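Asks: These are the residues of each chain, in order.
There are 2 protein chains.
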Amino acid sequence: MVRIGVDVGGTGIQVGVLDEQLNIIGRGSIETHTELPFGEQVRRIAECCKNTVASIGLQEKDIASVGVGIPGIADDKTGMIIKCTNMFWKDAPFRKEFVKYLNKPIYIDNDASVAALAENMIGISKGRSSSVLITLGTGIGSGIILDGKIWNGFHGIGGELGHTIMMIGGEPCTCGNRGCLERYCSATAIIRMGREAVKNRPNSLMLEKAGGDPAKITARTVIDSAREKDPAASEVFSRYVGYLAQAVANVVNFLDPEMIVLGGGVSKAGMFLLQPVRDEFPEHVIFRDRPMPSLDLAILGDEAGIVGAAMLS
Amino acid sequence: MVRIGVDVGGTGIQVGVLDEQLNIIGRGSIETHTELPFGEQVRRIAECCKNTVASIGLQEKDIASVGVGIPGIADDKTGMIIKCTNMFWKDAPFRKEFVKYLNKPIYIDNDASVAALAENMIGISKGRSSSVLITLGTGIGSGIILDGKIWNGFHGIGGELGHTIMMIGGEPCTCGNRGCLERYCSATAIIRMGREAVKNRPNSLMLEKAGGDPAKITARTVIDSAREKDPAASEVFSRYVGYLAQAVANVVNFLDPEMIVLGGGVSKAGMFLLQPVRDEFPEHVIFRDRPMPSLDLAILGDEAGIVGAAMLS
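Chains as they are written, first to last, in my numbering: chain A, 1 to 313; chain B, 1001 to 1313.
Take these hints with a grain of salt, some might be off.
[To be verified] To spell it out: a stretch of chain A is covered by chain B in this simulated footprint if at least three of its residues, at any positions, have a beta carbon under 8 Å from a beta carbon of chain B; those stretches are:
1) 23-33
2) 73-84
3) 139-153
4) 157-164
5) 252-259
[Claimed, not checked] Cβ-Cβ distance ranges computed for the label pairs, FRET-style:
6) B/Gly1012 - A/Gly265: 37 to 47 Å
7) A/Arg290 - B/Ser1238: 48 to 58 Å
8) A/Asp279 - B/Ser1313: 35 to 45 Å
9) B/Arg1278 - A/Thr34: 28 to 38 Å
Keep in mind that the hints were calculated from the coordinates and are not lab data. Remember, predicted model here, so these are calculated numbers, not experimental data. Cβ coordinates follow ideal geometry from the N, Cα and C atoms, glycine included.
Generate the whole structure from the sequences, applying the supplied hints.
Replies: Here it is in structure tokens:
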């Protein structure tokens, strides 16, 4: 029997077929078409699952379950997607639609939560009893694993570290609040700080790399320039590291999991990012002379989404 | 058989004897004397336990266990108190000393955690599968209950909501960091804001209640003046409510327990505090149109410490 994992994203939908040892033995994908009716979108996902299974010579009867990771929240009891802003889905009966085309047990969960589960089952935090994954992308996602299981909160609205307030009255956030952690620790935050920095530093390498156009500065521009020791970029990067260290310390002070894992696009900076955050976060931990969570980088990359989704049960 | 609960505080130590229905059937107390050698302090606590049991006509053999709540952290496996700043205890072998005088199973935990356990077992959050207690005192304590049990984190350093950072670069904290939640949500924060406010508002009722001396303004002065609609006090109180609402929302966004409970001295303001916080915190929750944790006041008062400690096992 195989398990199917589906990773739903705003631009594409990835499907993976996993064997019983959790190896990916088949992959498929389709483009996201949010303009289609919801039922039609679900039908396309189910067809992609079936086609992917067929492509490796298996049949529908070989499928044990289908797990779906979405950039939003779902009610696993009812199989409803409660809110999934990027996909324009709200109170959408995913399971009910899906089983019309592929009648298997369907599990749905948040994408950061399923990635955290994947890292905890076969990735960097394998075997840890508790871990928190923080994904540093356009926004901040986070997934909490306690006793080896996803913790989304009692009402399913937890695990949103990115929208905890880290700066009272701070930067306005897309969620309607101010000062959310996401405004300081995401790729978007690096970009904002980089673009601000070049206003007074026209000689910065960041601007050179961006062809002189501040609007073309990306998180990568800032990080690469900091690696090359550009002073303005180094200052921005150092501020970012400070913010991220405080975010990590907040997780330690409040929840203290066995391990904290950094994933998402920004984490591709590797040790250049990890080392200074590792060095700094303990300063912000109240019991800083005690053993505390280890901090490491996610290792499953883009596969975490499909692998974690397939593990849902 | 009875269980003994001990609540260790910087000024006094309370002892309670609980029957099997968790009723307090005997009480005792001693003054704290931090100047005594550690072993002597522990001996006095053990004697107080024995005397309290004797005072209700019971004997040592009737004692099933002794639980101790401390304003610090302990390692329940070894029975060591790791750090307890107010008592000047560090790496102190509490269990080893205690059993010299009273040889019973000894359990030790953080005072906010045991209070959270008490509320969750017989108080306002009775029967809730998960809850977080936030105690609003000189500092901020917090206790996390998950699946009916205390969650102190993997390394025992979690549950310190008061030292999560809510204001990057903000007010300096006693812990050595800046912008800790405690600096904005504790009684100390209300006092600081009240004293600042009267500088430019010499006609404030706060100053009148304090006999003209800003140093005599307490949290109660501010709250009572706000109740009487003093404009300066109302502004301070309203700012405080806003900070506390954001702190509550941080707990919702990250952990989403079934219930959040406010305790400690400031919570004695009752509905005057609870209602505006209840009204405001959902604005700061990302999934604010979904069911979310209920917010209520602790009901066990000072007894929570001994009751929760007695429940440790």
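Asks: Hint by hint, note whether the structure agrees.
Replies: Hints, one by one, checked against the model:
Given as covered by chain B, the stretch 23-33 of chain A fails the check, having 0 residues with a CB less than 8 Å from a CB of that chain where 3 are the minimum. Counting residues of the stretch 73-84 of chain A whose CB lies closer than 8 Å to any CB of chain B gives 3, so the stated coverage by that chain holds, three being the minimum. For the stretch 139-153 of chain A, the stated coverage by chain B is satisfied: 6 residues place a CB nearer than 8 Å to a CB of that chain, which reaches the threshold of 3. A count of 7 residues in the stretch 157-164 of chain A with a Cβ less than 8 Å from any Cβ of chain B is obtained; the coverage claim is therefore met, three being the minimum.
Coverage of a stretch by a chain is defined here by at least three residues with a beta carbon nearer than 8 Å to that chain's beta carbons; for the stretch 252-259 of chain A and chain B the count is 7, and the condition holds. Against the hinted window of 37 to 47 Å, the Cβ-Cβ separation of B/Gly1012 and A/Gly265 comes to about 54 Å, which falls outside the hint. Evaluation of the 48 to 58 Å hint for A/Arg290 and B/Ser1238 yields a failure: the beta carbon distance comes to about 38 Å. Separation of A/Asp279 from B/Ser1313 is about 40 Å and conforms to the stated range, judged on CB atoms against 35 to 45 Å.
A hinted range of 28 to 38 Å for the beta carbons of B/Arg1278 and A/Thr34 is consistent with their spacing of about 36 Å.
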